[in-house]
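**Q** Here's the letter readout for the chains.
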Amino acid sequence: MTHIKRLAADFGLPRIIITLYLLALFLAAPFVGVDLPASISDTMIRIGMNGIMVLALVPMIQSGCGLNFGLSLGVIAGLLGATISIEAGLIGAWGFIVAIFISQGFGAVFGYGYGKLLNRVKGGEMMIATYVGFSSVMIMSIAWLILPFKSPTMIWGYGGTGLRTTISVEGFWRHILDDFLVIQIGDNFKFPTGAVLVFILMSLLIWVFFHLKTGTAITAVGSNPTYARASGINIDRMRIVSVMMSTMLGALGILIFEQSFGFIQLYEGPLYMAFPAVAAILIGGAGVNKATLTNVFIGAALYQGILTMTPSIFNAVLKVDMSDVIRIIVSNGMILYALTRKSKVAK
Amino acid sequence: MISKLRLFLIENAVVILFVLLIAFAIPVSGLPASFLLQEILTRLGRNTFLVIALLLPIMAGMGLNFGMVLGAMAGQIGLIFITDWGVVGLPGLLLAMIISLPISVFLGWLCGSIMNLAKGREMVTGFILAFFMNGLYMMVVLYAMGSIIPVFNPEMLLSRGYGIRNVVGLDGVRQCLDNLIPLKIAGLNIPVFSFLIIAAVSWFIVWFRKTKLGQDMRAAGQDRAVSGAAGIPVEQTRIVAIIISTVLAGIGQIIFLQNLGTINTTSSHEQIGMFSIAALLIGGASVTKASIPNVIVGVILFHLLFLVSPMAGKNLIGSGMLGEYFRQFVSYGVIALALVLYEWKRAAQEHASRATLRGGAPADGKEAAA
Numbered sequence: 036m037t038h039i040k041r042l043a044a045d046f047g048l049p050r051i052i053i054t055l056y057l058l059a060l061f062l063a064a065p066f067v068g069v070d071l072p073a074s075i076s077d078t079m080i081r082i083g084m085n086g087i088m089v090l091a092l093v094p095m096i097q098s099g100c101g102l103n104f105g106l107s108l109g110v111i112a113g114l115l116g117a118t119i120s121i122e123a124g125l126i127g128a129w130g131f132i133v134a135i136f137i138s139q140g141f142g143a144v145f146g147y148g149y150g151k152l153l154n155r156v157k158g159g160e161m162m163i164a165t166y167v168g169f170s171s172v173m174i175m176s177i178a179w180l181i182l183p184f185k186s187p188t189m190i191w192g193y194g195g196t197g198l199r200t201t202i203s204v205e206g207f208w209r210h211i212l213d214d215f216l217v218i219q220i221g222d223n224f225k226f227p228t229g230a231v232l233v234f235i236l237m238s239l240l241i242w243v244f245f246h247l248k249t250g251t252a253i254t255a256v257g258s259n260p261t262y263a264r265a266s267g268i269n270i271d272r273m274r275i276v277s278v279m280m281s282t283m284l285g286a287l288g289i290l291i292f293e294q295s296f297g298f299i300q301l302y303e304g305p306l307y308m309a310f311p312a313v314a315a316i317l318i319g320g321a322g323v324n325k326a327t328l329t330n331v332f333i334g335a336a337l338y339q340g341i342l343t344m345t346p347s348i349f350n351a352v353l354k355v356d357m358s359d360v361i362r363i364i365v366s367n368g369m370i371l372y373a374l375t376r377k378s379k380v381a382k
Numbered sequence: 000m001i002s003k004l005r006l007f008l009i010e011n012a013v014v015i016l017f018v019l020l021i022a023f024a025i026p027v028s029g030l031p032a033s034f035l036l037q038e039i040l041t042r043l044g045r046n047t048f049l050v051i052a053l054l055l056p057i058m059a060g061m062g063l064n065f066g067m068v069l070g071a072m073a074g075q076i077g078l079i080f081i082t083d084w085g086v087v088g089l090p091g092l093l094l095a096m097i098i099s100l101p102i103s104v105f106l107g108w109l110c111g112s113i114m115n116l117a118k119g120r121e122m123v124t125g126f127i128l129a130f131f132m133n134g135l136y137m138m139v140v141l142y143a144m145g146s147i148i149p150v151f152n153p154e155m156l157l158s159r160g161y162g163i164r165n166v167v168g169l170d171g172v173r174q175c176l177d178n179l180i181p182l183k184i185a186g187l188n189i190p191v192f193s194f195l196i197i198a199a200v201s202w203f204i205v206w207f208r209k210t211k212l213g214q215d216m217r218a219a220g221q222d223r224a225v226s227g228a229a230g231i232p233v234e235q236t237r238i239v240a241i242i243i244s245t246v247l248a249g250i251g252q253i254i255f256l257q258n259l260g261t262i263n264t265t266s267s268h269e270q271i272g273m274f275s276i277a278a279l280l281i282g283g284a285s286v287t288k289a290s291i292p293n294v295i296v297g298v299i300l301f302h303l304l305f306l307v308s309p310m311a312g313k314n315l316i317g318s319g320m321l322g323e324y325f326r327q328f329v330s331y332g333v334i335a336l337a338l339v340l341y342e343w344k345r346a347a348q349e350h351a352s353r354a355t356l357r358g359g360a361p362a363d364g365k366e367a368a369a
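These protein sequence lines map, in sequence, to chains G and W. Position in the first sequence counted from 1, then plus 35, gives you the working numbering. Letter 320 of the second sequence, counting from 1, is numbered 319 in the working numbering, and no numbers are missing.
Simulated from the structure, these hints should not be mistaken for laboratory data. Backbone N, C-alpha and C fix where the C-beta goes; we use that ideal spot for every residue, glycine too. Don't take every hint at face value.
Capping the alpha-carbon separation at 20 angstroms, the derived lysine to any residue pairs in SDA-like fashion look like this [stated by the list, open to error]: (1) K151(G) with W343(W); (2) K313(W) with E323(W); (3) K185(G) with S203(G); (4) K183(W) with L43(W); (5) K344(W) with G158(G); (6) K354(G) with R159(W); (7) K354(G) with Q221(W); (8) K211(W) with G230(W); (9) K183(W) with L36(W); (10) K157(G) with Q348(W); (11) K151(G) with A346(W); (12) K325(G) with G47(G); (13) K354(G) with K183(W); (14) K157(G) with S285(W); (15) K185(G) with Q300(G); (16) K344(W) with K325(G); (17) K40(G) with R50(G); (18) K344(W) with Q221(W); (19) K151(G) with V339(W); (20) K157(G) with G119(W); (21) K344(W) with V14(W).
Okay, the calculated beta carbon distance ranges per label pair [unchecked claim]: (22) F136(G) with N11(W): 43 to 51 angstroms; (23) L236(G) with N152(W): 30 to 38 angstroms; (24) S266(W) with P65(G): 35 to 43 angstroms; (25) P26(W) with R155(G): 50 to 58 angstroms; (26) N188(W) with R155(G): 44 to 52 angstroms; (27) I235(G) with R345(W): 40 to 48 angstroms; (28) V67(G) with N152(W): 52 to 60 angstroms.
Facing chain G, a subset of chain W residues (Cβ under 8 angstroms, in silico) [unchecked claim]: (29) F192; (30) F194; (31) M320; (32) Y331.
The task is simple: from the sequences and hints, build the whole structure.
**A** What follows is the structure, encoded as structure tokens:
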């Protein structure tokens, strides 16, 4: 009994509820006429789409910078990569690779500046990150209006100024990863091998990185800054490295999201992109200052599972679409839980 | 003398910046002065109350109360009910406020209690709590109303038979506060009664600060540990600050919406927190210090910018959206800036107080004490 109790305490009550809820959804699926293979396939596709965005949060959590609500900065870098690559007229794998390279460049620059700023506001990172993210999205919205892009697929046909709000990547690199080595079973089941492989590969790289010297130093900074300083680690430098990593991963993440989604969303699109990722990693069991790759995998799977299953089951049973409301409550409830938990333990 | 001027410039840097910005944008927008003046009068009556709701949590050291959105939800629920019951005019508004009151108190208590669990990061907690509660609010308004909670007027419901429509017209109570004491000077309508209410609530805040509870709140805001040791029930005082803020936000939202005349059921409350906070900060307030003059200056400057930036953007590069984005950038940016300045100051103070421990120079000691 105590064993079960301890397990419950380790796993956290909200996560148990969420897991049971998802399990119930999957169990109910066949009885209410929801196509299970299609649902599982959708979940897999979504995990591939969003996995790296969730992974992007790990470095900053580990270095003690908290939840990166400013992930939209990385998203902006990704958008710049995507639009510049399309502007250059690059198609297919080349277009995608060039987009990634450009976005990593922007990500590094943005991340460096963002890291510098966060170093000067230690202790208040999360709120500042949110609003720095928000205001950069707005600055970029102005930029999308006035940047001299010419490609006819991206600018408004006539009578408008600037880039379109959504740009299709059809004909450029739509599904370039999702369809790489794709496993298609029947009409309804598709396993997006490429996207999932990239997710696993990046996770592996992150795992290796956090077992090397710099990675260990970052973890030390996050878990005990005083100890880290006493051991001669340059705290500010480690934090900047983690912020840059997070921003660059965010840039890569949005490109993978776009190739699967099929569209680039500009202007206010990136505004709230950090929040689902944050909710996912917290559902996976991460805290405000500790995250593992297991948290990333479990979190991405649970969160995306709920997102896929809730609307279809609710539509089938109640004929109501409450999925939006449930998504809002689950994801923000989870963030709220994580924010209140740590200080409770510390007290 | 020169140093005094410099001090004034530094302390009012944000206000001066915005005055300059607006001084540039007004001629570019080409909007006539009479229009701007009328709009500012209307918006002062509409928004000031909401911004005042932010003052007490700042005094209690809980920062900018992003959780004020909860009060706005309570206010809207009150308005939805009176519209459904067909209670019009001033009694309607009063009834809406009375309905919102217990909801606001409960939500404020909840918000304060949760913030007590997350001391030191009240702002981000309130921010997320607002999103979370928005989910519950939508559940109530879009699913429970008309199915579990009786709604008598079928015209208010969505075509599916339950859930409130996206737009609720407030024809029965529209501007009935603003026009209670009609006054027209030089062709400008002045919402006298709304201004009287704002004066009353300002007086309340000033009075409240001098009470025992108000002093406790200020003490808790300055140092929780010391106030706790001095016998002040810190956690309770903080909850009271949030409850008052939430209740005021609820009433403020009702005043705000009676002026607009319509509720956007799912979105009227969403941006209220951000706009009110941005207005307060533009008025020269900080995360730890805000006053009634900050509120008034802030509402005037923020809304002037709000009014002129779309036209200015259109005249500058031919896109109205430019001004819209710029406006949003300013709202977000000024909040980011205020938070950054607050953290810098805090870090500097911490550094100085550490220096005194190490036997640092007395100049540092003075700074830490101040």
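**Q** Confirm or reject each hint.
**A** Okay, the hints, checked on the actual structure:
1. K151(G) with W343(W): Measuring from Cα to Cα gives roughly 13 angstroms; hence the hint holds.
2. K313(W) with E323(W): holds (10 angstroms)
3. K185(G) with S203(G): holds (15 angstroms)
4. K183(W) with L43(W): holds (16 angstroms)
5. K344(W) with G158(G): Given that 20 angstroms is the threshold and the Cα spacing comes to 12 angstroms, the pair holds.
6. K354(G) with R159(W): OK: K354(G) and R159(W) at ~11 angstroms, within 20 angstroms.
7. K354(G) with Q221(W): Status violated; Cα separation ~53 angstroms.
8. K211(W) with G230(W): holds (13 angstroms)
9. K183(W) with L36(W): Given that 20 angstroms is the threshold and the Cα spacing comes to 13 angstroms, the pair holds.
10. K157(G) with Q348(W): Holds. K157(G) to Q348(W) sits at ~13 angstroms (cutoff 20 angstroms).
11. K151(G) with A346(W): Satisfied, since the Cα-Cα distance of roughly 15 angstroms is no more than 20 angstroms.
12. K325(G) with G47(G): holds (14 angstroms)
13. K354(G) with K183(W): Not OK: K354(G) and K183(W) at ~54 angstroms, beyond 20 angstroms, violated.
14. K157(G) with S285(W): This hinted pair holds, its Cα atoms lying about 18 angstroms apart.
15. K185(G) with Q300(G): Roughly 18 angstroms separates the two Cα atoms, so the pair holds.
16. K344(W) with K325(G): violated (28 angstroms)
17. K40(G) with R50(G): It holds: about 14 angstroms lies between the C-alpha atoms, which stays within 20 angstroms.
18. K344(W) with Q221(W): holds (14 angstroms)
19. K151(G) with V339(W): holds (12 angstroms)
20. K157(G) with G119(W): Since the Cα atoms of K157(G) and G119(W) sit roughly 12 angstroms apart, the hinted pair holds (cutoff 20 angstroms).
21. K344(W) with V14(W): Between K344(W) and V14(W) the Cα gap is close to 19 angstroms, so the pair holds against 20 angstroms.
22. F136(G) with N11(W): 43 to 51 angstroms: holds (46 angstroms)
23. L236(G) with N152(W): 30 to 38 angstroms: violated (58 angstroms)
24. S266(W) with P65(G): 35 to 43 angstroms: holds (38 angstroms)
25. P26(W) with R155(G): 50 to 58 angstroms: violated (37 angstroms)
26. N188(W) with R155(G): 44 to 52 angstroms: holds (47 angstroms)
27. I235(G) with R345(W): 40 to 48 angstroms: The hint (40 to 48 angstroms, Cβ to Cβ) holds, given that I235(G) and R345(W) are roughly 42 angstroms apart.
28. V67(G) with N152(W): 52 to 60 angstroms: Hint violated: Cβ distance 34 angstroms, outside 52 to 60 angstroms.
29. F192: The hint is violated - F192(W) has no Cβ within 8 angstroms of chain G, the shortest such distance being about 36 angstroms.
30. F194: violated (32 angstroms)
31. M320: holds (6 angstroms)
32. Y331: Status holds, d = 4 angstroms.
Checked against the numbered hints listed earlier, the structure breaks hints 7, 13, 16, 23, 25, 28, 29 and 30; every other hint is satisfied.
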